[in-house]
Amino acid sequence: MPWVRSEYAGELAVLSVWLTALLPWSVSYFNETIAGRDVTVINIRFLFFQFHYLSGISFGEQSIDDLVQLIHEIPAFVPDNQQLEAEIWVAGAVLFALLLALSFLYYVREEDLTERVPVDLVRLFGGAFALLALVFTAVVVLFNPHQLTVPVGTLFMWVFAIVLLRIERT
2 MPWVRSEYAG
12 ELAVLSVWLT
22 ALLPWSVSYF
32 NETIAGRDVT
42 VINIRFLFFQ
52 FHYLSGISFG
62 EQSIDDLVQL
72 IHEIPAFVPD
82 NQQLEAEIWV
92 AGAVLFALLL
102 ALSFLYYVRE
112 EDLTERVPVD
122 LVRLFGGAFA
132 LLALVFTAVV
142 VLFNPHQLTV
152 PVGTLFMWVF
162 AIVLLRIERT
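Following the numbering used here, the numbering of the sequence shown begins with 2 at its first residue and continues without gaps.
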């Protein structure tokens with residue numbers, strides 16, 4: 002029995018993209034000594050920004066720039082030994098931005114796109130999720146030597162890729 006009926010596959014593809022936009026793709030933490038204090042650094046990474054919280058330092062001592070970094074700020078924010086991870090993350094975010102734009106277009110013009118585009122758009126979304134899952138899995142693997150990283154949204158990307166690629170289309 003299929004997980005999703007064929008007539009709802011387009012809606013599932015769109016909702017999968019939107020849910021992925023809301024989920025953090027990873028959560029990580031590590032211990033560090035900052036200004037003579039032992040702190041726990043917690044990074045909650047979304048596709049287009051991250052929360053960088055220092056547990057052990059009050060919010061009053063942290064500026065908004067210390068707490069939130071937008072995607073274009075990430076390469077300058079991370080240490081030199083994590084530049085590759087940051088650059089791959091930015092590339093993945095660009096790919097996701099294209100998928101997000103396509104999802105809005107597909108939501109508004111599903112019938113037009115289905116007729117005009119020569120490929121099955123649900124399979125295209127599934128393939129894009131597989132590529133995103135590979136990209137963000139690579140970043141998680143690269144981050145892990147520096148900080149324990151849990152691939153929350155990355156696991157969902159894998160699930161969405163598998164589900165969308167396996168839907169029986171009629």
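No lab work stands behind these hints, which were simulated from the structure alone.
The beta-carbon is built from N, C-alpha and C at its ideal position, and this holds for glycine as well.
Please note: incorrect hints may appear among the correct ones.
What follows is a list of derived Cβ distance ranges for each label pair [to be verified]:
| hint | residue 1 | residue 2 | range |
| --- | --- | --- | --- |
| 1 | R124 | R38 | 47 to 57 Å |
| 2 | P119 | A77 | 22 to 32 Å |
| 3 | V69 | R167 | 44 to 54 Å |
| 4 | N82 | E112 | 22 to 32 Å |
| 5 | F31 | E8 | 38 to 48 Å |
| 6 | I45 | I163 | 35 to 45 Å |
| 7 | E12 | R38 | 43 to 53 Å |
| 8 | R110 | L23 | 18 to 28 Å |
| 9 | L96 | F31 | 35 to 45 Å |
| 10 | A139 | E33 | 22 to 32 Å |
Now for the hints, and whether the structure bears them out:
For the pair R124 and R38, the beta carbons lie near 52 Å from each other, so the given range of 47 to 57 Å is met. Under the hint 22 to 32 Å, the C-beta atoms of P119 and A77, about 41 Å apart, miss the expected range. With their beta carbons about 37 Å apart, V69 and R167 fall outside the hinted range of 44 to 54 Å. Under the hint 22 to 32 Å, the C-beta atoms of N82 and E112, about 50 Å apart, miss the expected range.
One distance hint, 38 to 48 Å for the beta-carbon pair F31 and E8, holds here, with the actual separation near 47 Å. Under the hint 35 to 45 Å, the C-beta atoms of I45 and I163, about 25 Å apart, miss the expected range. For E12 paired with R38, a C-beta distance near 49 Å keeps the hint of 43 to 53 Å intact. One distance hint, 18 to 28 Å for the beta-carbon pair R110 and L23, holds here, with the actual separation near 23 Å.
Between L96 and F31 the C-beta distance comes to about 27 Å, which lies outside the given range of 35 to 45 Å. About 24 Å separates the C-beta atoms of A139 and E33, a value consistent with the hinted range of 22 to 32 Å.
The structure is inconsistent with the numbered hints 2, 3, 4, 6, 9, although it conforms to all the rest.
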